[in-house]
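Enquirer: Under our numbering, the sequence shown has 378 at position 378, and the numbering climbs by one with no breaks.
If you're looking for bench data, these hints aren't it; they were derived computationally from the structure.
A portion of the hints provided could be inaccurate.
Claimed, not checked - Across the chosen pairs, the derived CB separations fall in these ranges:
1. Ser-138 - Glu-164: 19 to 25 Å
2. Asp-366 - His-293: 47 to 53 Å
3. His-293 - Gly-318: 34 to 40 Å
4. Leu-288 - Ala-186: 29 to 35 Å
5. Ala-72 - Glu-381: 24 to 30 Å
6. Glu-355 - Gly-163: 40 to 46 Å
7. Gly-163 - Asp-286: 22 to 28 Å
Claimed, not checked - Below, a list of computed lysine-lysine pairs in the DSS-like style, where the Cα atoms sit at most 27 Å apart:
8. Lys-304 - Lys-194
9. Lys-199 - Lys-259
10. Lys-384 - Lys-188
11. Lys-199 - Lys-171
Ideal Cβ placement from N, Cα and C applies to all residues, glycine included.
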Amino acid sequence: MSKRQIAILGSTGSIGTQALQVIAEHPDLFEVYCLTANNRVELLAQQAHQFKPAAIVIANEARYDELKQLMADEPDIKVYAGTRALDEIVEAAPIQMVLTAMVGFAGLSPTIHAIKAGKAIALANKETLVVAGELILSLAQQYHTPILPVDSEHSAIFQSIVGEDNNPIEKILLTASGGPFRLLPADKLATVTKADALKHPTWDMGAKITIDSATMMNKGFEVIEAKWLFGVEAHQIQVLVHPQSIVHSAVQFHDGAVKAQLGVPDMRLPIQYAFSFPQRLPLSGDRLDLFQHPLEFFEPDLNKFRCLALAFEAIHQGGNMPCIVNAANEIVNRAFLEDRCGFLQMAEIIEQTMEKATFDKNPTYDTYVATDAEARRIAAELLK
Numbered sequence: 001m002s003k004r005q006i007a008i009l010g011s012t013g014s015i016g017t018q019a020l021q022v023i024a025e026h027p028d029l030f031e032v033y034c035l036t037a038n039n040r041v042e043l044l045a046q047q048a049h050q051f052k053p054a055a056i057v058i059a060n061e062a063r064y065d066e067l068k069q070l071m072a073d074e075p076d077i078k079v080y081a082g083t084r085a086l087d088e089i090v091e092a093a094p095i096q097m098v099l100t101a102m103v104g105f106a107g108l109s110p111t112i113h114a115i116k117a118g119k120a121i122a123l124a125n126k127e128t129l130v131v132a133g134e135l136i137l138s139l140a141q142q143y144h145t146p147i148l149p150v151d152s153e154h155s156a157i158f159q160s161i162v163g164e165d166n167n168p169i170e171k172i173l174l175t176a177s178g179g180p181f182r183l184l185p186a187d188k189l190a191t192v193t194k195a196d197a198l199k200h201p202t203w204d205m206g207a208k209i210t211i212d213s214a215t216m217m218n219k220g221f222e223v224i225e226a227k228w229l230f231g232v233e234a235h236q237i238q239v240l241v242h243p244q245s246i247v248h249s250a251v252q253f254h255d256g257a258v259k260a261q262l263g264v265p266d267m268r269l270p271i272q273y274a275f276s277f278p279q280r281l282p283l284s285g286d287r288l289d290l291f292q293h294p295l296e297f298f299e300p301d302l303n304k305f306r307c308l309a310l311a312f313e314a315i316h317q318g319g320n321m322p323c324i325v326n327a328a329n330e331i332v333n334r335a336f337l338e339d340r341c342g343f344l345q346m347a348e349i350i351e352q353t354m355e356k357a358t359f360d361k362n363p364t365y366d367t368y369v370a371t372d373a374e375a376r377r378i379a380a381e382l383l384k
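Produce the entire structure from the sequences given, and follow the hints as far as they go.
Expert: Dropping the structure here:
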């Protein structure tokens, strides 16, 4: 059997680097066709030298010459730059699966191009479904393109419904670690720093997602993702704060039965499952010992974690409102990381942007692009 050719969008990030570990464990089954990054040319070049892809892409065109020089000793590896190159490379004929591990709105366009090219999608870029869930699911159906979730929570839900055929889902139980501020009194949040927020208790993630976890906006986005991926309404999704991150999520069926996927926190498992579905392959690493791990569950405090509440409001409004929330969140998240915004101020600016941005109940792709630009501008002005 020929090796499965995989393109990794965002290979230098947390998901991308772990995906390469999975591929390295199974060189007889998987092969890297393309690697992409936004700015990290040194790591991208290192990865290219190790995995010998057919092509690499640096999204930031200003770094092209630097990358080209680093790859001078690998003339067979094609080097490209720019967002257009990202859209074009995923359409390459040999590619069978595209892992979308880019962070933010930037992942939307290449994902759409990959779907239209008939490539299976291993989806790790949650903003794609947050911003344009209805459009993405419609395109996937039109082009008969499978979308396999990579987020640990959505992979757990997916694993729980495999073999259930069309048995109706009564409720999705979406677990959340609670982030670093789960036990911090609400009146202390105003003074937390980015260093505090980046200390996630269980997962090792990139800075943007780690901050989103601290505000619980990340979980709000996952609620929106789950709505589209599994065809349920917001009221059928219950968020459970589960500090141990052992139960990655669960599904309750209409007979009351609950199925869950459990395991140690290791993103390689959902990545590998997406790559190999429906087969399960051997995976190195720690194994779950339930004697060592108590399982606790708590209700999230929506007053304390206002971002999660705003995500639910965006779902209920529908249209382009989740796109507005995502754009504003990307602006305030970056501002917080650059010490230009306070922790509580992030939710305040997102809410104000929701009130000011143009609402469209029936958005098209062009609407999403315009909405993203408008919401970013509004949020940036509110930061001043």
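Enquirer: Give a verdict on every hint.
Expert: Evaluated hints:
For the pair Ser-138 and Glu-164, the beta carbons lie near 24 Å from each other, so the given range of 19 to 25 Å is met. At roughly 48 Å, the beta carbons of Asp-366 and His-293 sit within the given window of 47 to 53 Å. Look at His-293 against Gly-318: about 39 Å separates their beta carbons, and that is inside 34 to 40 Å. With their beta carbons about 33 Å apart, Leu-288 and Ala-186 fall inside the hinted range of 29 to 35 Å.
Look at Ala-72 against Glu-381: about 44 Å separates their beta carbons, and that is not inside 24 to 30 Å. Taking the beta carbon of each, Glu-355 and Gly-163 are about 45 Å apart, inside 40 to 46 Å as hinted. At about 26 Å, the beta-carbon gap between Gly-163 and Asp-286 stays in the expected band of 22 to 28 Å. Restraint check: the Cα-Cα separation between Lys-304 and Lys-194 comes to about 18 Å, which is no more than 27 Å; the hinted pair holds.
As the CA atoms of Lys-199 and Lys-259 are separated by approximately 31 Å, the hinted pair breaks the 27 Å bound. With a C-alpha separation of about 24 Å, the suggested pair Lys-384 and Lys-188 falls inside the 27 Å cut-off, and the hint holds. A threshold of 27 Å between alpha carbons decides the hint, and for Lys-199 with Lys-171 the separation of about 31 Å lies outside it, so the pair is violated.
Checked against the numbered hints given earlier, this structure breaks hints 5, 9, 11; the rest are met.
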